[in-house]
Structures are given as C-alpha cells and as structure tokens.
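Those sequence lines, one after another, are chains A and B.
Everything in the first sequence is counted per this note's numbering, starting at 1 for the first residue and increasing by one.
Everything in the second sequence is counted per this note's numbering, starting at 1 for the first residue and increasing by one.
Some clues are possibly wrong.
[Unchecked claim] Per label pair, the in silico range of CB-to-CB distance: (1) B:122 with A:86: 52 to 60 Å; (2) B:18 with A:115: 32 to 40 Å; (3) B:236 with A:150: 35 to 43 Å; (4) A:29 with B:4: 27 to 35 Å; (5) B:122 with A:150: 15 to 23 Å; (6) B:53 with A:187: 32 to 40 Å; (7) A:313 with B:123: 42 to 50 Å; (8) A:124 with B:236: 36 to 44 Å.
[What the hints assert, rightly or not] Some, not all, of what chain B presents toward chain A, calculated at C-beta under 7 Å: (9) 25; (10) 26; (11) 67; (12) 95; (13) 96; (14) 102; (15) 229.
If you're looking for bench data, these hints aren't it; they were derived computationally from the structure.
The beta-carbon is built from N, C-alpha and C at its ideal position, and this holds for glycine as well.
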Amino acid sequence: MRVQCLQENLARALSLVSRAVAPRTATLPVLTHVLLATDNGRLKVAATNLEVGVVYWIGAKVESDGAITVPARTLSELVTLLPADKVDLELNVRTQTLRVQCGRTDTTIKGIDAQEFPIIPSPGEQPLARISGSALKKLISQVVFAAATDESRPALTGVLTKLDGERIIMVATDGFRLSKREEKLLEAITSDAPVTMLIPAKALQEVSRVIESEEDVVFIHLTASHGQAMFQTPRANVVAQLIDQKFPPWEAIVPQRYETRVTINAAEMLKACRQASIFARESADMVRLGIHVGEDLEPGKVTVSARADETGENCSELEAITSGKSMEIGFNVRYLIEGISAADSPQVVMDLIQPRSPAVLRAIGDEHYLHIIMPMNLPGSNPT
Amino acid sequence: MSWESVIGHTWATQRLRHALARGTLGQSLLFIGPPQVGKTTLALTLAEALLAQDARGQALIAQRKHPDLLIVEPEGANATISIERVRELQHALQLTPMESRHRVAILADAQALSLGAMNALLKTLEEPASAAVLILTATSADALLPTILSRCQVLPMRPLPRGQIEAGLQARGASPAQAALLAALAQGRVGWALQAWRDAATLQARLQAINDLLRLLSEGLTARFAYAEQLAKAGDAHIRAVLQTWQLVWRDVTRAAIGCVVQAGAPSYGETVRRVAEGVSPETAAACLQRMVQTEVFITQNANARLALDVLLITLPRLSYGVEPLSFNASESEEHRSATTVPAGGK
Chain A
1 MRVQCLQENL ARALSLVSRA VAPRTATLPV LTHVLLATDN GRLKVAATNL EVGVVYWIGA
61 KVESDGAITV PARTLSELVT LLPADKVDLE LNVRTQTLRV QCGRTDTTIK GIDAQEFPII
121 PSPGEQPLAR ISGSALKKLI SQVVFAAATD ESRPALTGVL TKLDGERIIM VATDGFRLSK
181 REEKLLEAIT SDAPVTMLIP AKALQEVSRV IESEEDVVFI HLTASHGQAM FQTPRANVVA
241 QLIDQKFPPW EAIVPQRYET RVTINAAEML KACRQASIFA RESADMVRLG IHVGEDLEPG
301 KVTVSARADE TGENCSELEA ITSGKSMEIG FNVRYLIEGI SAADSPQVVM DLIQPRSPAV
361 LRAIGDEHYL HIIMPMNLPG SNPT
Chain B
1 MSWESVIGHT WATQRLRHAL ARGTLGQSLL FIGPPQVGKT TLALTLAEAL LAQDARGQAL
61 IAQRKHPDLL IVEPEGANAT ISIERVRELQ HALQLTPMES RHRVAILADA QALSLGAMNA
121 LLKTLEEPAS AAVLILTATS ADALLPTILS RCQVLPMRPL PRGQIEAGLQ ARGASPAQAA
181 LLAALAQGRV GWALQAWRDA ATLQARLQAI NDLLRLLSEG LTARFAYAEQ LAKAGDAHIR
241 AVLQTWQLVW RDVTRAAIGC VVQAGAPSYG ETVRRVAEGV SPETAAACLQ RMVQTEVFIT
301 QNANARLALD VLLITLPRLS YGVEPLSFNA SESEEHRSAT TVPAGGK
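Please model the complete structure; the sequences and the hints are all you need to start from.
Right under this line is the structure:
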C-alpha cells in the first residue's frame, strides 16, 4: 500500500472514527486499532468496538492498494501534531508496519494484519430509506438522551426506530421518562412491511457526528441478516449492531387525556429550573411545581421551588397560560431541564392529570416531539 | 479444528453434531470433566461450527480472535471470574452478531465464577438473546450453583482410554513409542498428553514423581522422611500433582496384582508396573491407592502437608528388590519421528 493524502483530511477521519475505537482493556487487541485501506482510489479509515462501526472515506492519491490496522491512539496523536501538508503512507507487508512521512518527519508504526479486523459490511444496492441529514440530526438530538445508560435492562439502552411508509419514529426511555419524535422520510421505504429496529443509543450519537452538512442525504440500510443497521452519508458509513431484545410497549403509557394544561415560556422555565436545581441536589434532584389556574380573567402562574435543609430554598414564579385545575407536582429537575431543552421551541405545553400520573411535554408549533416524565412523590403527600 | 480432529469424546461430538444438524442445540451448554480432558477444545470446535464461514473465520477462531467469539477465563491472583467480566459479556451478548449468525461465549472454568457473577449469569443462561450461545466448562458440577446446572444442557466428558490418546498422538505425528508412553501417563487427559509431547519439562516432572516413588519403595524410613520434608516445601499444587501421579501408578499396580493385563502400551511403563506388582499383594496395593487419594483430600483441606506425607510414606510397602527407574529414551523414538514433528520430550 502506498497512499498520499492531506494531513487535515486524515486528522478529521481519525477524529470521526475515534469514538468507535474499543478501550485499551478490550479482549481483542485489533479493536483498539484503526483500519486503513485503499478503496476505489480513496483511503478508507474504519474503527469498530463490535457495537458500532464507523467508516470514513477521504480523497487520496493511491499508488498501490493494500490494507493495515495500526493503534488508533498512536496514529491520531501523531497525525494531529503533523504539519498541514501532504502525508505519505506506506505499508511494509513483511513486517506489518506503516511508514508515515510528512514534511520532515518520518515515522514507522507497528500494526496488525488487516485480516484480523472484523468485517464491517458495505451498504447494499438498494437502501431501505432516505432521509435528510437535518431531519435525522433532529430525531437523534430529541430522543437519544432519554435512553438508559445502565445495563440492568438492556432493551432500554437502545432507541426503538420504526420505519413505516413515509414516516420514521424514534422512541427512547429509561423507565423514568420517554422521548419520541417522528419525521418524514424523503420517500416511502422500499420494504412492503414496516421495519422496526432497536439501535444502541451510542451508535446513533455517532451517526449524528458524521452528518457533516444539513443538506446531506442519509441512506438507511438494513443488512441481509437483519442484524445491523447502516447509516450512509456521502463520506461516511455508520454500522450499528442491533439489540436483540424486546422494547417495552411504550404506546400504552402515553396519557390520552389531561386535567391541567400549562403553556409556558421555555427559556424562563429553564432558568427557573436551573436555579432550583442548585437547591435540589440534596433531595434527589426534586423540584416542586405549583400550578395555579387563574380565576376568571386573572392570569395563571407556575411556581418552581426546591429546598435543602442544609443549603436553603429557592422559588421562582412564572407567568403561564393555564387551564383545568390547580395542583402541585414533583419532578426530577434534571429530566425537566433535558426534556424542555430538547423541545427546542420558544413555548412548551405541559399536560398533567394528577400528581402521580406521568406528565406530557410538547413543543408549540412542532407536533412531532413528545416527551413524557414520571413525577416524584412530594414529601408530605399521602404515602399510599 | 474440525470435528474429526477432536481426539476421543466420540459420544459428545456426535451428540453436538446431531443437535446442530437437527437445530436442537441448546443456547446454554455446560461441559463437565477433569482438567485438560478437552473441554475448551470441544467448545472451540463447536464455536467454529457455529461461526466460521471460511478459512479466515477458522483461522481467527483458532487464534481466539473471532469478533463473534467471546472467551472469559479466570484471571488475577485468585484466578476468579468477576461480576464485571460477566456484565461485559452480557452487554456483548445482547447485540446481534458481527459477522456470523451467532455470538458464542465460552466461560472456561465456570467454577471460578464468584458467587455474585454466577447469580448475575442466571438470567442470561435462562433467556439468552436469540443469536447467543453460551458454553460453560467446569471441572465438577458440585462447584456450580444448582440454579446454573438446571439452566444448561450438561455434557459430561470422561477421561479418555489410553488407546484413543495414543492413536490421537500418532495421528498428529508422535512416534509410536512416544505416543504409548504419553498415553500411559496421561490419566486420560488428552490435553496433558499434547502438552507433554510439546514440552519435555511437563513429561519429565511426571517421570520424576514416578521414579521418586520407585526409589522410595526400596528405601528405609530415613530416606522417606527426608523426601517428605523436601516435598512438603514445594507447595500444595505440586504435592497434589505428585500424589495424583502416584495414584495413577498404584491404580495400575493394583490391576496388575490381581492379574489384569495393564492396558499400557508403553513397554517400559508396563514392565515397571508389573515389577512393583510382583512384590505386593492386591490388598496392599488397593490400600495404598486409597491412602494416596485420602492424603490428597487432606492436603486440599489444609492438613499439615509434612505430617500427612510422613504418615503416607510410613505405610508405603517396602520391596526387597529395586525397580529400574523409568526413562524416556529420546533415541527410541528418533527412528520413527517424521521430519516435521515437534521435538520429542527427551531426558
């Protein structure tokens, strides 16, 4: 293998694939390496941790074909320090070493045979669906954060992704909150039946990272074995292993009615929540929301308060459009902040039934986002 | 590493191949057998049948580097498998396979799982993800939780007959004389025979233990006590290895004393056993064997090694004649050795 490419391209490729590199404690040493391979006149840079694989192609002058894997950390640390110039990569097949020449530096790095690197499948001829980069980025940013991070219920570490006709729906939950968004695909899916996949949340974060421009069109593929989902952008391909588990029936917990409806300014609400969170730290992040429905022509208001025995207490009052009956309800303030920030809207609506029922958050002017938060028991309320 | 290359265990391989062909292979399997009997080899062979699609896959499995093959072995100073390792395994197992249709996990020496790790494993064993196959190996069923046993398809693996080990070694290129001696001393553990074939020191250690026994048989108490003192310092693992070798000898001597033909192909070893048997009654030989087993149990249970060995050696019968020490003559095998084989164990 003899290849010439630009330092900035190589550095960019290495940084984009870096999060798919396995930690140094990995059982297979080759997983801590990146694969460098020539591919149709381009240089392919790939990494995988057996959960998500990221492949990125950069333009290069290929003099002869070949492939090798080298330690990801060593190479990326080196490449970021190289001058912005042409980089020559040359593989010595006999010793399995990679020679990196740039400007006046000359480096050789010991590698592992590319044969040992897991095969990352390439996308097939016909994609399952096409979606605009901006729509996919928004889906991921509004849903993925709600997935569970601990492994006790593996199904909840994934994001349920359903493609049905011209729609794509993503749902994630950790048991305390649930986030859902729906988007339109560029055209109907090529499969007759709807397709449902459970994609690891970490993999979708990588997908979001490789979408370089909002105008990019992303092709979604499913491998023949139905074991992997692929997200192909013009220059990258992210391959996610699917989670082989059943996602809980989430539709059943979406409340169908409400008793109290609050419409509130998102920025003011976020500020109030952040203030309250300082005092909520010692009481399991709990804040108390007081919703006061105005009588006749009186405007409604919402109070956000938290108290800590050691630190003190805080209470903010906000104007709001309220309807239904007044109530007090407790929430984990972190979930409130994340749910409202993800709505990405100047105004949010909150629908409540009673202090022990899940609350629904929506964005005004964007009916595709839905967020559900389980309330917390208010101290002093009836402990049944 | 095809099914045919597995030495012995015909029953086990046939059962697994049958289950594979009919699609009735369980997703949680447990291979139980003494150390070095071939449990991990069989597990890897099964993994290959499940995972490898081409020569590259076969090579990766042989090097234990296949992306869909997860191997967990005891590690650290206490040689245990921690709950963290089990959690990592569970995370990997709930994902779809990378290159093949399965993800295979081999938990070697599952008796080394900590109690917490065993409990954490229960749910995975009971309801593995659809592509997952878990293969546990263990030296005895008693060391595992009954709840683990009841969740696995158990495949017992017995020590192999000497003939099978001998044939297996010869098929791999060992000379007939070498193969016969290694098979005679292997206690039915094909893994030991293969290791001793490649590594002369392993064979030498076992021969040394036998020769020490032969020498002590014609020596008086002074020499025996001196030997016990020395051996007691060598550490429990070494003492148990010596006692196990002596059990092998006494088992064969007992058989020879009651007139059985000892099925040991190696002429020198068979000869030695017969010579010892001439001087002892069948009852004495059987009692000796029993005391060897008992002493090993005592040592495992933290008895004072020096005392236990003293008692054992006092009761060892005394022969009025000397028995020629065993030796493995390298030249004996030289003429049979093909040019490509691994160097034979010599003196």
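Results of checking the hints against the structure:
Checked against the hint of 52 to 60 Å, the C-beta distance between residue 122 of chain B and residue 86 of chain A comes to roughly 58 Å, which is consistent with it. A hinted range of 32 to 40 Å for the beta carbons of residue 18 of chain B and residue 115 of chain A is consistent with their spacing of about 33 Å. Checked against the hint of 35 to 43 Å, the C-beta distance between residue 236 of chain B and residue 150 of chain A comes to roughly 41 Å, which is consistent with it. In this structure, residue 29 of chain A and residue 4 of chain B meet the distance hint of 27 to 35 Å, their C-beta atoms being roughly 31 Å apart.
A hinted range of 15 to 23 Å holds for the C-beta pair residue 122 of chain B and residue 150 of chain A, which are about 19 Å apart. Checking the proposed 32 to 40 Å range against residue 53 of chain B and residue 187 of chain A shows it holds: the Cβ atoms sit about 35 Å from each other. Range check, residue 313 of chain A to residue 123 of chain B: about 44 Å between beta-carbon atoms, so the 42 to 50 Å window is met. Checking the proposed 36 to 44 Å range against residue 124 of chain A and residue 236 of chain B shows it is violated: the Cβ atoms sit about 60 Å from each other.
Because the beta carbon of residue 25 of chain B sits about 17 Å from the nearest beta carbon in chain A, more than 7 Å, this interface hint is broken. Hint status for residue 26 of chain B relative to chain A: violated, with the closest Cβ pair at about 17 Å, above 7 Å. This hint holds: residue 67 of chain B has a C-beta 4 Å from the nearest C-beta of chain A, less than the 7 Å allowed. Hint on residue 95 of chain B holds. Least Cβ distance to chain A is approximately 4 Å, under the 7 Å limit.
Evaluation of the residue 96 of chain B hint against chain A yields a held restraint, the C-beta minimum of about 3 Å falling below 7 Å. Contact between residue 102 of chain B and chain A, as hinted, is not supported at the beta carbon level, the nearest pair being about 10 Å apart and thus beyond 7 Å. Because the closest C-beta pair between residue 229 of chain B and chain A is about 45 Å apart, greater than 7 Å, the hint is violated.
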